[in-house]
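From first to last, the protein sequence lines are chains A and B.
With the numbering used here as the guide, the letters of the first sequence map in order to residues 1 to 244.
With the numbering used here as the guide, the letters of the second sequence map in order to residues 1001 to 1531.
None of these hints come from the bench; they were simulated from the model.
On a predicted model such as this, the values are computed, not experimentally measured, just so you know.
Backbone N, C-alpha and C define an ideal beta-carbon position, used for all residues, glycine too.
One or more of the hints may lead you astray.
Okay, the calculated beta carbon distance ranges per label pair [unchecked claim]: (1) B:1187 <-> A:27: 52 to 58 Å; (2) B:1045 <-> A:120: 57 to 63 Å; (3) A:170 <-> B:1046: 46 to 52 Å.
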Amino acid sequence: MDSFNNESILNISHLCKTYKGGEMAVKDLSLSLEPGDIYGFIGANGAGKTTTIKCSVGILEFESGSITICGHDIQHDPISCKRSFSYIPDNPDLFDQLTGIQYLNFIADVFSLSQDERTKKIQQYSQAFNLVDALGDLISTYSHGMKQKLAIIASLIHSPKLFIMDEPFVGLDPESTFKFKEMMRDFVSQGNAIFFSTHVLDTAEKLCNKIAIIKKGQLIASGDIKELTHGESLESCFMEYMHE
Amino acid sequence: MSKEVLKLTKMNLSINLGINEARISQDNTKKRYFRRNIFTYVFLTLLLVFYSANYSVSLLNEKTIQYIPVMALIEVSGYIVLFAFLRAGNEIFNTESYEKLIVLPLKPRSIIQSRFLAMLLENELYALAIYLPAIIVYGTHASMTASAVFITILLALLVALFPLTVASLLGTLLTGLFARLKHQNLINSIFMMLLMLAIVVGSFFLSSTQANTNTDAYYQNLANSFAQINKYYFMGRWFSSAIVSSSWLDALYFALVSLGTYVIFVLICTALFVPISQKLKGSFSKKQYHFDSKKMKRTSAVKAFLAKDLKMYLNSRSYLVNTIFGSLLAIVGVIVYAIMMKGYDYSKLTFNFESLVPFIIGLLLTMSVTTSISLSFEGKNWWLSLTLPVSNKTIYESKILMDVIVSLPGYLISTIVLACVMPFSIAGYIFLFLVPLIYIVFSAVVGLLINIRYPRFDWNSENEVVKSSSSLLFSMLLGIIDLVIPCVGAIMIPTHYNQLYLALFMVLIIGVTIFLIHKLNKIQLNRIGSK
Chain A
1 MDSFNNESIL NISHLCKTYK GGEMAVKDLS LSLEPGDIYG FIGANGAGKT TTIKCSVGIL
61 EFESGSITIC GHDIQHDPIS CKRSFSYIPD NPDLFDQLTG IQYLNFIADV FSLSQDERTK
121 KIQQYSQAFN LVDALGDLIS TYSHGMKQKL AIIASLIHSP KLFIMDEPFV GLDPESTFKF
181 KEMMRDFVSQ GNAIFFSTHV LDTAEKLCNK IAIIKKGQLI ASGDIKELTH GESLESCFME
241 YMHE
Chain B
1001 MSKEVLKLTK MNLSINLGIN EARISQDNTK KRYFRRNIFT YVFLTLLLVF YSANYSVSLL
1061 NEKTIQYIPV MALIEVSGYI VLFAFLRAGN EIFNTESYEK LIVLPLKPRS IIQSRFLAML
1121 LENELYALAI YLPAIIVYGT HASMTASAVF ITILLALLVA LFPLTVASLL GTLLTGLFAR
1181 LKHQNLINSI FMMLLMLAIV VGSFFLSSTQ ANTNTDAYYQ NLANSFAQIN KYYFMGRWFS
1241 SAIVSSSWLD ALYFALVSLG TYVIFVLICT ALFVPISQKL KGSFSKKQYH FDSKKMKRTS
1301 AVKAFLAKDL KMYLNSRSYL VNTIFGSLLA IVGVIVYAIM MKGYDYSKLT FNFESLVPFI
1361 IGLLLTMSVT TSISLSFEGK NWWLSLTLPV SNKTIYESKI LMDVIVSLPG YLISTIVLAC
1421 VMPFSIAGYI FLFLVPLIYI VFSAVVGLLI NIRYPRFDWN SENEVVKSSS SLLFSMLLGI
1481 IDLVIPCVGA IMIPTHYNQL YLALFMVLII GVTIFLIHKL NKIQLNRIGS K
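Work the whole structure out from these sequences, hints included.
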């Protein structure tokens, strides 16, 4: 587990995170994502998935261990890290007082996208997710699924190397879910990687090439999905780990 | 009052004041929020007690003593109408909890009553802080019968009801009227500001008509004004007569009208509750959005954050109205001053106005800075600032710039008008323009640091972060202290040292501002609110 190669897109090494009050949310967690990986992160509620993700994207500080994204350390060089990834939280609260297009333009400005580049990508992705008509409306009027689509479009327009997502499929309609899965496969085929948490084991099984299972803040299994499941379903494999 | 209403009211108060979180949560931050909320309430209450007692004592004259009760009622009504009006619509038609409550087997009437009752209990605290000191001052200097004392106690329970009902009714009508509009918050804010402007202009003219008279004439003027109020404002007449003349009949009229208005308000709101709530929650679909490449131009990250912050600011009624007040006061004050003091001989003044005026303008412009809640205002969107590839400096710069931009109209109008009407020296003109500008930047930085010290991101309603914000209160207090000290110095320093005094003060403030910006830029975003 410790011998990560230099090609890692995301490298979490011996991560420890303790919350106020002394509760240890993540204990000595290590994992690595390489180009082409779709890495599913599964575990029960309160197991430490969101905490790990929030540490990885720079929202939470942590006491020990290190997290590097495309070779940059999230604690020492956060801005370079943040230029390489896109993060979508489980409940995407986006600036309600802005319209969809204003929000996308804001993100494009932050990532210094040129006028032509942003116009092309916003058109491409908003058409793919059927959100064009709503782009002129305030985000406060969007449904949960529409906000999720807008967050996905915003995360795609600046061509990141890594996607980090917390429950990305919640609220998406079947057509958008299908298209998003296709985009995820296409995205990793270009040498990028995806790390996402999910409770939908069926989706994880069909989509991911690697899986990490977390229980009470500790990684209890990780690696290639075929090697972990030994031909069984991911659900039964997961239940076995949970009851060990 | 049904059990349903009481239970909902208890829940509303528990959420609004943060009682439940403070009692149950293991998170110390919640307990700190609660303590700061309580501190804010206690502090405001004490301010009102002090103000009311002080003003009531100033009315202890044979011509005006009988008007102390009606004055207390007017103060209570003014305070409640002005402040409750701003939030009543948002509170009664709280869209955040609408869907959670409407699916439960609850009567809309109970939901409205509980939301109103929670506001009434909060406002009753402030009402009593004004009413009781005034009545105590009155009671100790006028001979009150036992019957009058009893009436006074009974009316204390009703004193906030009528003004709050009127404020809520107006707030509801406005919310209903603007619910159909896309930019409802901006239009609502403009309307609120116009109302506040009218109140400020009115009070300026009222106080200035009484200012230049001798003591006896002053009391006579006041007595005449109160007599006029009693003549035309029936609630004031009944209230005054009930306490001063021990009139049970007038007390009954006051109580019946207060309760009757409340019943009418509940009936109107019950009829409008579902349609207005649905309009507020509804969407405004612009069919076929067309891409306009002119609107897709690239800008820098600071400009992007600044534009985003300004849009959020202009779309938030409570944020805008609560932080623009100082600028409005400066503009109106200076214009009224220019009209009233036209042709005034400044050589009559015993102190040098040149060193005092820039500080007064600075004080008004920095009364409530936007930066003191600008980070908290991000609320649940804060994750974006933490995960986007921008430095903390970019975020801080955009917040400071927004405060400067918001203060600019007030700054330019007030200083230019004063420069036109007051005979400053050359150095005096320079200080008139420089001192307020430096104070605007200084206050913006201080406000941001206070918000970093006292952030709050987990709010559900804008009112929670704007109106109950301890960082806004602390920055206002600090702003007053920062400017009252140099004002006192400006009056006390001999005239020939004034320009040196101003120059030294400016250098000091610039130095402190640079030091604070340096400190500010060292604070990482993910550490804010983490302790």
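Hints and how they fare:
In this structure the supplied range 52 to 58 Å holds for residue 1187 of chain B paired with residue 27 of chain A, their Cβ-Cβ distance being about 54 Å. Between residue 1045 of chain B and residue 120 of chain A the beta carbons are some 59 Å apart, a value that agrees with the proposed interval 57 to 63 Å. Residue 170 of chain A and residue 1046 of chain B have their C-beta atoms about 48 Å apart, which keeps the hinted 46 to 52 Å range intact.
Consistency note: the structure conflicts with none of the earlier hints.
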